[in-house]
Amino acid sequence: MTHCPPILVAAAVAESLSDAAIAGQLSAQFQAVFSFGSEIIKLEDINATDGLLVDVLPHQSPAWSMRSRETRSHSVKVKVGIRRRIDTEDRDDNGAIKPDEIAAYCDLLYEILNLFAAGRKLPDVPDAVWNPAAPIEIRLYDEDALKQGLYVGWVHLPFIVHEEA
Amino acid sequence: MPGLLNNAIAWLPGALANAKSVPGGITLSRHRHSTSAVPAIRAWHGDRTVVQDGMPTNFRPYDYLIAADAYVIDGAAAVPTPGDRMTEPLGVFEVLPLDAEACYQLREDGLYRIHTRRVSP
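Taken in sequence, the protein lines are chains P and S.
Per the working numbering, the very first residue in the first sequence carries number 1; after that it's consecutive.
Per the working numbering, the very first residue in the second sequence carries number 1; after that it's consecutive.
Honestly, the hints are just simulated from the structure, not real lab data.
Wrong hints could be hidden among the right ones.
[Said to hold, decoys possible] If you anchor each label on the Cβ, the simulated ranges turn out as follows:
(1) Ser21/S <-> Glu89/P: 40 to 48 Å
(2) Tyr110/P <-> Asp99/S: 28 to 36 Å
(3) Pro39/S <-> Cys106/P: 40 to 48 Å
(4) Leu12/S <-> Gly37/P: 54 to 62 Å
(5) Glu89/P <-> Pro39/S: 22 to 30 Å
(6) Arg72/P <-> Ala43/S: 40 to 48 Å
(7) Gly3/S <-> Glu143/P: 29 to 37 Å
For each residue, glycine too, the CB sits at the ideal point set by N, CA and C.
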């Protein structure tokens, strides 16, 4: 069992996100998967009709500082990435991707961001709290991926974990 | 001797085409319209893995050669368009651009060279 805060927080975010999706608190249902980005997914294995891949990755470069003589503060970012294959039904007669299809996944990224920014707790890491001072990084879409027939978007969720030194 | 060479030159293109032709042709579809048994030659480009922000995805690009006058969908002549599908024994392939190239080029010999990705086994 790891004690590494970025990994603990990412795993907890994956579980919390799946719970929220299954409970209907988000506009799509999915099972978020904790990952280090090592698994290569084949485009043909991504089901376009109901297959939404949601990866939760710990940021590789967390920061920490001494908050006091007794407490360390870990500044942790968790990346939540969404992948979905663009289906033929998502295109118009000229082959262009319908804007509403992409907008729906951009909305989902903001829903995920708002879910945690509103103070959703991570039961497995009770010392983790949202970091309101950190800038939010979000990538709504990747145009190169769209050309490959794949939607990719991600958002970084910033947390602080206070830990006894 | 020249006759033999001429025979070989005449034979070779057809032999090459038959060697790589999709047996029985492909089914070409766009949304709910389709045409079956379209003669086509398929060539694999080699797999590519693209890592988008730490999330690696593998693509299997294939090119098809199809006579321009055979690119007909539901009785109407058509131009290859992203999202068109080729269904054949090897799987389902979707027309998509490749790198900076458009999804197809019309060759001098009247064949469309069409870029696709395998989207279903």
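Here is what the structure says about each hint:
For Ser21/S and Glu89/P, the hinted distance range of 40 to 48 Å is not satisfied, since their beta carbons lie about 30 Å from each other. Checked against the hint of 28 to 36 Å, the C-beta distance between Tyr110/P and Asp99/S comes to roughly 31 Å, which is consistent with it. Pro39/S and Cys106/P have their C-beta atoms about 42 Å apart, which keeps the hinted 40 to 48 Å range intact. A beta carbon spacing of about 48 Å between Leu12/S and Gly37/P contradicts the range 54 to 62 Å that was offered as a hint.
Distance hint check: the CB atoms of Glu89/P and Pro39/S are about 28 Å apart, consistent with the given range 22 to 30 Å. For the hinted restraint 40 to 48 Å between Arg72/P and Ala43/S, the CB-CB distance of approximately 58 Å leaves it violated. Take Gly3/S and Glu143/P: their Cβ atoms lie about 56 Å apart, and the range 29 to 37 Å is violated.
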